[in-house]
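These are the residues of each chain, in order.
Number of protein chains: 2
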Amino acid sequence: MTQAITVAIDAMGGDHGPHVTVPAALSALKQHSEIHIILVGLKEAIEAELSANHAEISSRLRIHHASQQVAMDESPQSALKNKKDSSMRVAINLVKTGEANACVSAGNTGALMATARFVLKTLPGIDRPAIAAVLPNKKGMTYMLDLGANADCTAEHLLQFAIMGSTLVSCVENKPRPTIGLLNIGSEDIKGNEVVKQAGELLRASHLNFYGNVEGDDIFKGTTDVVVCDGFVGNVALKTSEGLASMMAMFLTQEFKRNVFTKLMALAAMPVLKAFKKRLDPRRYNGASFLGLRGIVVKSHGGADIFSFSHAINTAVEESSSGVLQKITEQLEIEHLKPSTNKLEESTLELSAANTTELKAIA
Amino acid sequence: MTQAITVAIDAMGGDHGPHVTVPAALSALKQHSEIHIILVGLKEAIEAELSANHAEISSRLRIHHASQQVAMDESPQSALKNKKDSSMRVAINLVKTGEANACVSAGNTGALMATARFVLKTLPGIDRPAIAAVLPNKKGMTYMLDLGANADCTAEHLLQFAIMGSTLVSCVENKPRPTIGLLNIGSEDIKGNEVVKQAGELLRASHLNFYGNVEGDDIFKGTTDVVVCDGFVGNVALKTSEGLASMMAMFLTQEFKRNVFTKLMALAAMPVLKAFKKRLDPRRYNGASFLGLRGIVVKSHGGADIFSFSHAINTAVEESSSGVLQKITEQLEIEHLKPSTNKLEESTLELSAANTTELKAIA
Numbered sequence: 001m002t003q004a005i006t007v008a009i010d011a012m013g014g015d016h017g018p019h020v021t022v023p024a025a026l027s028a029l030k031q032h033s034e035i036h037i038i039l040v041g042l043k044e045a046i047e048a049e050l051s052a053n054h055a056e057i058s059s060r061l062r063i064h065h066a067s068q069q070v071a072m073d074e075s076p077q078s079a080l081k082n083k084k085d086s087s088m089r090v091a092i093n094l095v096k097t098g099e100a101n102a103c104v105s106a107g108n109t110g111a112l113m114a115t116a117r118f119v120l121k122t123l124p125g126i127d128r129p130a131i132a133a134v135l136p137n138k139k140g141m142t143y144m145l146d147l148g149a150n151a152d153c154t155a156e157h158l159l160q161f162a163i164m165g166s167t168l169v170s171c172v173e174n175k176p177r178p179t180i181g182l183l184n185i186g187s188e189d190i191k192g193n194e195v196v197k198q199a200g201e202l203l204r205a206s207h208l209n210f211y212g213n214v215e216g217d218d219i220f221k222g223t224t225d226v227v228v229c230d231g232f233v234g235n236v237a238l239k240t241s242e243g244l245a246s247m248m249a250m251f252l253t254q255e256f257k258r259n260v261f262t263k264l265m266a267l268a269a270m271p272v273l274k275a276f277k278k279r280l281d282p283r284r285y286n287g288a289s290f291l292g293l294r295g296i297v298v299k300s301h302g303g304a305d306i307f308s309f310s311h312a313i314n315t316a317v318e319e320s321s322s323g324v325l326q327k328i329t330e331q332l333e334i335e336h337l338k339p340s341t342n343k344l345e346e347s348t349l350e351l352s353a354a355n356t357t358e359l360k361a362i363a
Numbered sequence: 364m365t366q367a368i369t370v371a372i373d374a375m376g377g378d379h380g381p382h383v384t385v386p387a388a389l390s391a392l393k394q395h396s397e398i399h400i401i402l403v404g405l406k407e408a409i410e411a412e413l414s415a416n417h418a419e420i421s422s423r424l425r426i427h428h429a430s431q432q433v434a435m436d437e438s439p440q441s442a443l444k445n446k447k448d449s450s451m452r453v454a455i456n457l458v459k460t461g462e463a464n465a466c467v468s469a470g471n472t473g474a475l476m477a478t479a480r481f482v483l484k485t486l487p488g489i490d491r492p493a494i495a496a497v498l499p500n501k502k503g504m505t506y507m508l509d510l511g512a513n514a515d516c517t518a519e520h521l522l523q524f525a526i527m528g529s530t531l532v533s534c535v536e537n538k539p540r541p542t543i544g545l546l547n548i549g550s551e552d553i554k555g556n557e558v559v560k561q562a563g564e565l566l567r568a569s570h571l572n573f574y575g576n577v578e579g580d581d582i583f584k585g586t587t588d589v590v591v592c593d594g595f596v597g598n599v600a601l602k603t604s605e606g607l608a609s610m611m612a613m614f615l616t617q618e619f620k621r622n623v624f625t626k627l628m629a630l631a632a633m634p635v636l637k638a639f640k641k642r643l644d645p646r647r648y649n650g651a652s653f654l655g656l657r658g659i660v661v662k663s664h665g666g667a668d669i670f671s672f673s674h675a676i677n678t679a680v681e682e683s684s685s686g687v688l689q690k691i692t693e694q695l696e697i698e699h700l701k702p703s704t705n706k707l708e709e710s711t712l713e714l715s716a717a718n719t720t721e722l723k724a725i726a
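Here the protein sequences line up with chains P and A, keeping their order.
Here our numbering is used: the first residue of the first sequence is 1, the next is one more, and so on.
Here our numbering is used: the first residue of the second sequence is 364, the next is one more, and so on.
Heads up, some of the hints might be wrong.
As the list claims (entries may be wrong) - No more than 25 Å apart at the CA atoms, straight line, and that leaves these computed lysine to aspartate or glutamate pairs for DMTMM-like:
| hint | chain 1 | residue 1 | chain 2 | residue 2 |
| --- | --- | --- | --- | --- |
| 1 | A | K393 | A | E462 |
| 2 | P | K327 | P | D127 |
| 3 | P | K278 | P | E242 |
| 4 | P | K257 | A | D580 |
| 5 | A | K584 | P | D15 |
| 6 | P | K197 | A | E557 |
| 7 | A | K641 | P | D217 |
| 8 | P | K96 | P | E333 |
| 9 | P | K139 | A | E605 |
Calculated from the structure, these hints are not laboratory results.
This one's a predicted model, so the numbers in the text were calculated from it and none came from an experiment.
This is chain P alone, in the form it adopts within the complex (with noise of 0.2 Å):
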């Protein structure tokens, strides 16, 4: 019954580029026995990682040629311009086509998202995508988006970021009307700045089953399915949460270093604080998605290991076989989302895309 899902990887993207992604395909591949894998970039550097890790291409297996990548540090505009034949692009190029049913890249966000944006288009009634991902919360996980893209949102952009929300996490963990919650600065609904407050009327008015305000430590406590914000905060609180955690473990690090005796409690004490660790580990968490695109396209963290890299590849997998782009772009009829903005966002998408600059490599 299963049907066969190929991915394309972006092989050249992140900071290790095929030493991380090839050894993580391979392992994506022998995890899920139902997908394929197109790896996407230069041919030769590809063939030598293969062989350095005893593989070969197969029926389940190959390379797409590409030659050209996109700098970490490039801009937006710079990828979309002069980088065409980029590994980045041909992937999206790849799911564009059809040739492939998701993409992953470790690539720079900004670049990713312009690129993405500009091959495959947004769905009908999105006018902007978002990029949401998982974060661990005391009863569970929380998806939160937009965690960068758009730093500037309307009332009518966090509807459609909620909508999407709901679908991804009703798709991905089977949760029939996951609950929203709209990130705020108190429960009621006369809180927060002019947008938000907006936001507030249209979720409530809305089919999803739409919780109320949430506030900053709600993201941690679990008290909804999903957290909708406008990209500046969702960032700044992503980000923040990546600070406090490492201060924390540096705390804890520099008192059980304090002296010889500190030493031996650590020593005592290193089975529960490497539990500890597990259960904060962020790769467990890595691969974004960017929602809202006709087309399934993960992000992975630039820095990732083989680790955390398939555990992005295991994203794309599980948003392909769970149908989300088709029942995203139910729901939006549902909700009654016109197009039409989309028709004109795509007229200016080229312009839109400069914007994207201010995109920022969520983690």
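Starting from the structure of chain P, add chain A where the hints point.
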């Protein structure tokens, strides 16, 4: 040489009222030989708490009776209209009349801000007061503002916040030119939403020691002394941090409580775990400053205990003795900020006060 400083304390505010505020005041009197305290609230309740603590009225401690209290969930409008003899309002009145140099309250944030604005007015050149607080970072402490007073801000407001934050740190931390970071979603000047981009231009043109854009993780890295943002973003960042710290603490506890072996490990590591906990103890950072008013107002966490509330009193003492108000006024003159907008603001202040319903208890 030390000048006597008088602090008016809203003795009825907070979740625990006089049970916390009175012993904290007694502790502060012991700690600071130069200060006087006025306990504002129900005379009988305060007297009862004094006698329970074997303390009495002295040349440095007096009671100022106020017949009403502002409830923790009372709206700012109601507090302004119906609670003209509340302990909160009377404590602020004492600052207005000059009988006290500062006031401290653990009462509800929205009512406190609205009342303080109404009674004290803003400083010339300041459109809106902001809430500033101290957070620990990897190297020391970060001052951050606004943390929730203003959900919608202009670039000019952010500049004003930067001036106030810079002056606060230079006074209280004795740093001549504190570094200022503008909270954003990328380090380049072109990043961010429209307001932040404009604020970046204003800050670059100012006399402040502007570092540039900072991201969420910089708050805890300690990249700059001050981090400036609008109240929506600041509140979300603060609450998100609280949520993450709470989740991490829960995970650590769960891992140590998993079985009899891990419990033994916890026992062995207890001194380190306690030191770690102490280092992150939010009570040590209690006391948010309402900056931009013609008087010093410090907001304590509503649930503060004696140790925590006395820290908020310390904050008020430090601000009073370092002449923050005068220096903010001087700095505003250096930046040529005209007090004209301020005039307009004051005339519409009853109206604006209603908007502070969006204020949220900051912790």
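Report the numbers of all earlier hints that the structure fails to satisfy, in ascending order.
-> none
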